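Peer 1: Listed here are the chains, written in short residue letters.
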Amino acid sequence: QKEVEQDPGPLSVPEGAIVSLNCTYSNSAFQYFMWYRQYSRKGPELLMYTYSSGNKEDGRFTAQVDKSSKYISLFIRDSQPSDSATYLCAMSAVGSTLGRLYFGRGTQLTVWP
Amino acid sequence: SQTIHQWPATLVQPVGSPLSLECTVEGTSNPNLYWYRQAAGRGLQLLFYSVGIGQISSEVPQNLSASRPQDRQFILSSKKLLLSDSGFYLCAWEVQGGPDTQYFGPGTRLTVL
Numbered sequence: 001q002k003e004v005e006q007d008p009g010p011l012s013v014p015e016g017a018i019v020s021l022n023c024t025y026s027n028s029a030f031q032y033f034m035w036y037r038q039y040s041r042k043g044p045e046l047l048m049y050t051y052s053s054g055n056k057e058d059g060r061f062t063a064q065v066d067k068s069s070k071y072i073s074l075f076i077r078d079s080q081p082s083d084s085a086t087y088l089c090a091m092s093a094v095g096s097t098l099g100r101l102y103f104g105r106g107t108q109l110t111v112w113p
Numbered sequence: 001s002q003t004i005h006q007w008p009a010t011l012v013q014p015v016g017s018p019l020s021l022e023c024t025v026e027g028t029s030n031p032n033l034y035w036y037r038q039a040a041g042r043g044l045q046l047l048f049y050s051v052g053i054g055q056i057s058s059e060v061p062q063n064l065s066a067s068r069p070q071d072r073q074f075i076l077s078s079k080k081l082l083l084s085d086s087g088f089y090l091c092a093w094e095v096q097g098g099p100d101t102q103y104f105g106p107g108t109r110l111t112v113l
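Sequences listed follow chains U and P, in order.
Taking our numbering, the leading residue of the first sequence gets 1, the next gets one more, and so forth.
Taking our numbering, the leading residue of the second sequence gets 1, the next gets one more, and so forth.
For reference, chain U alone in the conformation it holds in the complex (with noise of 0.2 Å):
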């Protein structure tokens, strides 16, 4: 099993649609979370961070993390065509070497206007 599942998608949606992109993972140990943002031919872009359970908003972003589920949330709200991209989660365990990134391999989406 791998430490991360993330569904690839492809995922499309109307303009203005709440967008929901979720990861699993297997490791109990994972206390921070992450969402990157790839554009296509480019390199992932930071989006969010979050460290261990709860909620974190930002603008039109909120990430969630349900650690009891082992279960990553990232919505999107009124979507934009430009938040067509490919969508990566993260997360690492305290303590693990180097701040070793464990990462999903994407979920693919488009926004239509």
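Calculated from the structure, these hints are not laboratory results.
Treat the hints loosely; a few may be bogus.
[Stated by the list, open to error] Some chain U residues well away from chain P (every beta-carbon gap over 12 Å; in silico):
#, residue
1, 26
2, 45
3, 69
4, 73
5, 112
[As the list claims (entries may be wrong)] Restricting the straight-line Cα-Cα distance to at most 30 Å, the calculated cross-link-like pairs of lysine-lysine (BS3-like) are:
#, chain 1, residue 1, chain 2, residue 2
6, P, 79, U, 42
7, U, 42, U, 2
8, P, 80, U, 67
9, U, 67, U, 56
10, U, 56, U, 70
11, U, 56, U, 2
Model, not experiment: these values are computed from the prediction.
Beta carbons: idealized from backbone N, C-alpha and C, even for Gly.
Position chain P relative to chain U; hints supplied.
Peer 2: Positioned in the frame of chain U, the structure of chain P alone reads:
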């Protein structure tokens, strides 16, 4: 502010030829540095990481090597490229001792023919 550069942006090389990809970071000192490869549909694969000049750790044994000749310079090399070396190569940096968040460069797309 910190910036990370990679070059070249794209590269087409014949099988058996050498390789040198360069990554430099500006605006920070003594970062942790990482090389990843991203193959289509296969997520991010960590290749090498470094905590300081001359200190390189390899995650995956293969015909690639890395060097860190200066604090903010990270080089990925190969003496003889294989077809399987094709992919999108990403360099990332992280604050040493800071939160487990990595910041990626723009990437180098390598095609081996």
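Peer 1: Hints first: check each against the structure and report whether it holds.
Peer 2: Hint check results:
1. 26: It holds; residue 26 of chain U is separated from chain P by about 16 Å at its closest Cβ, greater than 12 Å.
2. 45: violated, 7 Å
3. 69: Check passes; 21 Å lies beyond 12 Å.
4. 73: holds, 19 Å
5. 112: The claim holds: residue 112 of chain U sits with its nearest Cβ about 22 Å from chain P, beyond 12 Å.
6. P:79 / U:42: Holds, because 26 Å separates the two Cα atoms, which is no more than 30 Å.
7. U:42 / U:2: holds, 25 Å
8. P:80 / U:67: violated, 45 Å
9. U:67 / U:56: Given pair residue 67 of chain U, residue 56 of chain U holds - Cα atoms ~14 Å apart, limit 30 Å.
10. U:56 / U:70: holds, 17 Å
11. U:56 / U:2: holds, 26 Å
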